[in-house]
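S.K.: Residues per chain, in single letters:
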Amino acid sequence: MPEHEHEHDKAISELYQQSREETMNTRDLDDKILAAANADLAAERKPTATVVKYSGWRRWSTPVAAAACLLLATSVGFNVMLYQQTQISSEPQAARFADLAVVEPTPVSASAPQVAQTRKKEALTSPQVAAELRERRLSRQESDQIFEVADVESQLDEEVVVTGSALQVDSETETQVEEIIALLENGELKQAEQELAMLIEKLPQP
Amino acid sequence: MDDHALMRAWQEGDGTAFEQLYRHHKDSLLRFLWRQVGDSAAEELFQDIWMKVIKARLRYRPTASFKTWLYTIARNRLLDHYRSQQRQPMMEWDETQPLLAASDPQGESANHQQVQRLLALLKTLPTEQREVFLLKEEAGFTVPEIARLIDCSLEAAKSRLRYAIKKLQQGMEAYCDA
Chain X
0 MPEHEHEHDK
10 AISELYQQSR
20 EETMNTRDLD
30 DKILAAANAD
40 LAAERKPTAT
50 VVKYSGWRRW
60 STPVAAAACL
70 LLATSVGFNV
80 MLYQQTQISS
90 EPQAARFADL
100 AVVEPTPVSA
110 SAPQVAQTRK
120 KEALTSPQVA
130 AELRERRLSR
140 QESDQIFEVA
150 DVESQLDEEV
160 VVTGSALQVD
170 SETETQVEEI
180 IALLENGELK
190 QAEQELAMLI
200 EKLPQP
Chain F
0 MDDHALMRAW
10 QEGDGTAFEQ
20 LYRHHKDSLL
30 RFLWRQVGDS
40 AAEELFQDIW
50 MKVIKARLRY
60 RPTASFKTWL
70 YTIARNRLLD
80 HYRSQQRQPM
90 MEWDETQPLL
100 AASDPQGESA
110 NHQQVQRLLA
120 LLKTLPTEQR
130 EVFLLKEEAG
140 FTVPEIARLI
150 DCSLEAAKSR
160 LRYAIKKLQQ
170 GMEAYCDA
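As given, the protein sequences belong to chains X and F, one line each in that order. Once you know that position 143 of the first sequence is 142 in numbering that gives the first Met the number 0, the rest is easy, because the numbers rise by one and skip nothing. Once you know that position 21 of the second sequence is 20 in numbering that gives the first Met the number 0, the rest is easy, because the numbers rise by one and skip nothing.
Among the hints, erroneous ones may be present.
[To be verified] Each pair of labels, with its calculated beta carbon distance range: (1) GLU13/X - LYS51/F: 32 to 38 Å; (2) LYS54/F - ALA65/X: 38 to 44 Å; (3) ALA10/X - ASP38/F: 25 to 31 Å; (4) GLU43/F - ILE199/X: 53 to 59 Å; (5) SER60/X - LYS51/F: 36 to 42 Å; (6) THR22/X - GLU11/F: 31 to 37 Å; (7) MET23/X - GLY12/F: 25 to 31 Å; (8) LYS157/F - ALA10/X: 16 to 22 Å; (9) CYS151/F - LYS31/X: 18 to 24 Å; (10) ALA42/X - SER158/F: 44 to 50 Å; (11) GLY14/F - ASN24/X: 20 to 26 Å.
[Stated by the list, open to error] Result set (DSSO-like, lysine-lysine): computed pairs, CA atoms no more than 30 Å apart in a straight line: (12) LYS166/F - LYS9/X; (13) LYS165/F - LYS31/X; (14) LYS31/X - LYS25/F; (15) LYS9/X - LYS165/F.
Note that these hints are calculated values from the structure, not bench results. Note that CB positions come from ideal geometry on N, CA and C, so glycine has one too.
For reference, chain F alone in the conformation it holds in the complex (with noise of 0.2 Å):
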């Protein structure tokens, strides 16, 4: 059963098919969540998306899909994580920052530390840029369908994308260099 069978049966009163949605999208959005806010907040704010899915099932409406409803949830409770830090959430870029700290070169393949590098950079992106960057690379959307997600023009929206790929690339290719 696709997103909108499963949504239309749990509107029903069927629970597995919660479930099997909850399944299906579980992963994506929590590291969706962990890659902007950190493990512990991540998991605060997982839980309160996923309550405002249960409590909102009977008003939703099939004019998106599922996984756009659920992000849009998701990107609001960002947003009100974000206000009520009062702080701005984007870390700047940081020439500086030593981005392998975390990692153990020694004990661990070339290949995990490429990723771990991957990950450190895109924690160094504005946050707009790194949001499109997961919301394709992650949620699996494409660039219109992020564009109306976020609510902006289609150029914005590549226009971010484009920023983040680049800065990554340049961050890889300052890691391999060294």
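Only chain X is shown next, with the shape it has when bound in the complex (with noise of 0.2 Å):
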């Protein structure tokens, strides 16, 4: 660029910065713009609490958390009932009666429900156990209280048969619980919501 040419974009660049001095009365647009921004500012201050309030995982914490409590209460019941039958089997006249009534010892691996199926058979069918009896000359009010207990056991087994299934149930909510915290804290609360409706459809009904 020529040296002249320079000189004249000089002035007119300082003549038009000469045109900025002038002052202009903006009071009543800054009043608005500014209001504008702590409007802004404001209004999302309270959205916040909100977003908190039903945020996502304390919208389904009570949901799973129901779901948690009965599938909890479901393994504790199951619990229980094993519990109850460990203590009956290991009294004397129990471990008496299952000397007699159990043949032979029934494969670990079998499940549940077979266990307790073959135990009831064999318990009150089996003629051995009578003819044990007999041999052993107990009397009419011992064989009274084997016989109760073999009730007590069969009952027990009945449950077993119920529960059996149940827990095989039980496991696979576990692990849909566990899948529906995993959505969760992903944040895919839609399908977290359709896997928590299958889920209690699934849970067995009191």
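Bring the two chains, given one by one in their own frames, into a single complex with the hints.
M.R.: See the structure below:
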């Protein structure tokens, strides 16, 4: 750029800068815009509280907790029965009865319903029980007690048959609950909702 | 604090940071609009632009300076305004236009008259040239920054600025000769 052109540019620029010295009354505009900015910030603070209140986890914590409690209750109920069964089996009479009743040990790999079915059948219908009792000349009272125990155990076995299938459902339920929690942590609320609905449908009715 | 720090503070909820940003840029922006669309439309656009800035606060990313971001919003709003008006915003060069119609030679200093003459000449520039001139003189952008902002080549931006200055010079010379 030639020297004189550059000087002209400077002259124009300087002249324009003088025009910028004029003052402008923008008080009304300033008030409006600053008020709008403050209102925007204030409005943002309010929804923040609402978002926290209705955040994903809080929204789903109640149904998940309910499902978890139900699951826990089912599991605990089953364990109590197992515990009772163990207690009864450990008593001397029951142990004796078990010696008489169980001809062959049930394989460990057999499922709970199968075990229950086998033991029930063998305990109540095996002629060996009566034969053994006669052989040992047990008193009438003692034999009544033995049959009482046998009845208790058969009842328990029936419950094992029922809850054995429930146990299978529970392990699935547990997996589902874990999946739901994982979905919630990932923020996939819609899918978590569907999974939870399916889970609640599957849970055993009281 | 610089614009970037102020913007970040405002994003975090500091209202005073916005006030500082606003006070730093408002006069230049308003004059930039005034010189292009006149007083009443400029105030309306000015308000709209700041409302857009307020709404877009959380979307702002410091990939460019706050000033570039602000003037990009302003320029887009200005283009919308031209479209809504459905008229060619540029006023063609008119030798017969009474450039000093608004001035009062007897009551004003020679310097003030020259300034008024320059502003009157500015109105007669084609929009593209006037825009580049104002982005440089009013907003303080460099030519490469202007080229990026208005999305044209560096040469095109230089050319527009050169033509704008040339026309302003010719007009001022004509005034001085008279």
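S.K.: Now look at each hint and say whether the structure bears it out.
M.R.: We went through each hint and held it up to the structure:
no.	hint	in the structure
1	GLU13/X - LYS51/F: 32 to 38 Å	33 Å, holds
2	LYS54/F - ALA65/X: 38 to 44 Å	41 Å, holds
3	ALA10/X - ASP38/F: 25 to 31 Å	27 Å, holds
4	GLU43/F - ILE199/X: 53 to 59 Å	57 Å, holds
5	SER60/X - LYS51/F: 36 to 42 Å	39 Å, holds
6	THR22/X - GLU11/F: 31 to 37 Å	33 Å, holds
7	MET23/X - GLY12/F: 25 to 31 Å	30 Å, holds
8	LYS157/F - ALA10/X: 16 to 22 Å	19 Å, holds
9	CYS151/F - LYS31/X: 18 to 24 Å	34 Å, violated
10	ALA42/X - SER158/F: 44 to 50 Å	46 Å, holds
11	GLY14/F - ASN24/X: 20 to 26 Å	23 Å, holds
12	LYS166/F - LYS9/X	14 Å, holds
13	LYS165/F - LYS31/X	40 Å, violated
14	LYS31/X - LYS25/F	13 Å, holds
15	LYS9/X - LYS165/F	12 Å, holds
Violated hints, in rising order: 9 and 13; the structure is consistent with all others.
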